[in-house]
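Following the hints, complete the assembly by docking chain B onto the known chain A.
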Amino acid sequence: MKHIWLLPLVVAAGMGLSVEAGLLGPLGEEVGHGWAVLGIFALGSLLLTFGLIFGRPRLALMFAQPRWLLTGGILGPIYVAALTLATPVVGVGLTMVGILFGQVAASLVIDHFGWLGSAKRAVDGHRVGALIAILLALWLIH
Amino acid sequence: MLLLMILLVVLSGATLCAQSAINGRLGSHVGVLESAWLTFTLGAMLSFLYAFLFEPHHAFTLFSVPRWQITGAFFGVVYMLVIVFAIPRIGTAAATVAVISGQLLMSLLIDHFGWLGNTVIRLNGARYAAMALLAVALVLIYRSNTRLRRENAGPCMDM
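Taken in order, these protein sequences are the chains called A and B. End of the first sequence = 142 in our numbering, gap-free, step of one. End of the second sequence = 159 in our numbering, gap-free, step of one.
Bound conformation, chain A alone (with noise of 0.2 Å):
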């Protein structure tokens, strides 16, 4: 792999996702969960309006997708409001377990189903195997 020095950067990157739930908590608890969780979005929304406006958008092919395409901006709230809402109740590690948990055992149904557009495929004997880990770990930190 020549690009290994990537690692550490994307190490990185997934200890930013912890510091924003860990920041999250104690915001939400402070100015109201609502305003926190709006907080976060506002300013993303605002960068990335920024990173569009200087860059090439291509906002009108967007809005000629099918529209349950877009729906993954209504999703986006509901896992920031669960951070907020979670953290400051079970701690910051047993939040994020817990969502690795969800996401495992999502993709294993989803690739079951082949819900969403994937391939439908087996259930995969790794993935099983790692949700049977992950649920002993939550048990352990809980």
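No lab work stands behind these hints: they were computed from the structure. Where hints are given, some of them may not hold.
What the hints assert, rightly or not - Using C-beta positions, here's what the derived DEER-type ranges look like: (1) B/P56 / A/Q65: 33 to 41 Å; (2) A/A60 / B/Y128: 51 to 59 Å; (3) B/G114 / A/F113: 40 to 48 Å; (4) A/A60 / B/V136: 29 to 37 Å; (5) A/G125 / B/L53: 19 to 27 Å; (6) B/A135 / A/G55: 35 to 43 Å; (7) A/G55 / B/A129: 42 to 50 Å; (8) A/K2 / B/L7: 38 to 46 Å; (9) A/I132 / B/L4: 38 to 46 Å; (10) B/F52 / A/A122: 19 to 27 Å; (11) A/P66 / B/F113: 43 to 51 Å; (12) B/L53 / A/T71: 39 to 47 Å.
These numbers were taken from a predicted model, which means no experiment stands behind them. Yeah, the Cβ is synthetic: ideal placement off N, Cα and C, and Gly gets one too.
Frame of chain A, contents of chain B only:
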């Protein structure tokens, strides 16, 4: 309350998975920056509506807390840029495992030291054992991803 919250985060992980599957498809048609912009902008609109209509009054507002507390969004945007840059170069499987490792490690450190104003939850025997199990899970996810790559992209766990 505790179990309810665990259920909530597991469900939101599943939501995140569906979201990244949908956004992945959208991104391949219209571009990654565009699909991220849509996510953040729709998210801002919805959370504003919610907060404006339903959030009770608090002693602090987004404008009166210390500025560092509202910098969370930068980490999300930087994460996205790094991932977009790294995946074609180191591959999805390695990137996925690197992200999750960083995420889990940092979350346990934040708990242990109570950084950023969080409650202190010390590392103990159970948490170290959990880390070992999570390492096993990561190896399995890596192997599952490298195997899938030969067929085609799986949803969600390849972000």
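Results of checking the hints against the structure:
1. B/P56 / A/Q65: 33 to 41 Å: holds, 38 Å
2. A/A60 / B/Y128: 51 to 59 Å: holds, 53 Å
3. B/G114 / A/F113: 40 to 48 Å: holds, 42 Å
4. A/A60 / B/V136: 29 to 37 Å: Roughly 47 Å apart at Cβ, these two residues miss the hinted range, so it is violated.
5. A/G125 / B/L53: 19 to 27 Å: violated, 47 Å
6. B/A135 / A/G55: 35 to 43 Å: holds, 39 Å
7. A/G55 / B/A129: 42 to 50 Å: holds, 47 Å
8. A/K2 / B/L7: 38 to 46 Å: Hint holds: Cβ distance 44 Å, inside 38 to 46 Å.
9. A/I132 / B/L4: 38 to 46 Å: Violated, at about 23 Å.
10. B/F52 / A/A122: 19 to 27 Å: Because 47 Å falls outside the window, the suggested range is violated.
11. A/P66 / B/F113: 43 to 51 Å: This hint holds: roughly 47 Å between Cβ atoms.
12. B/L53 / A/T71: 39 to 47 Å: 21 Å Cβ-Cβ, so the 39 to 47 Å window is violated.
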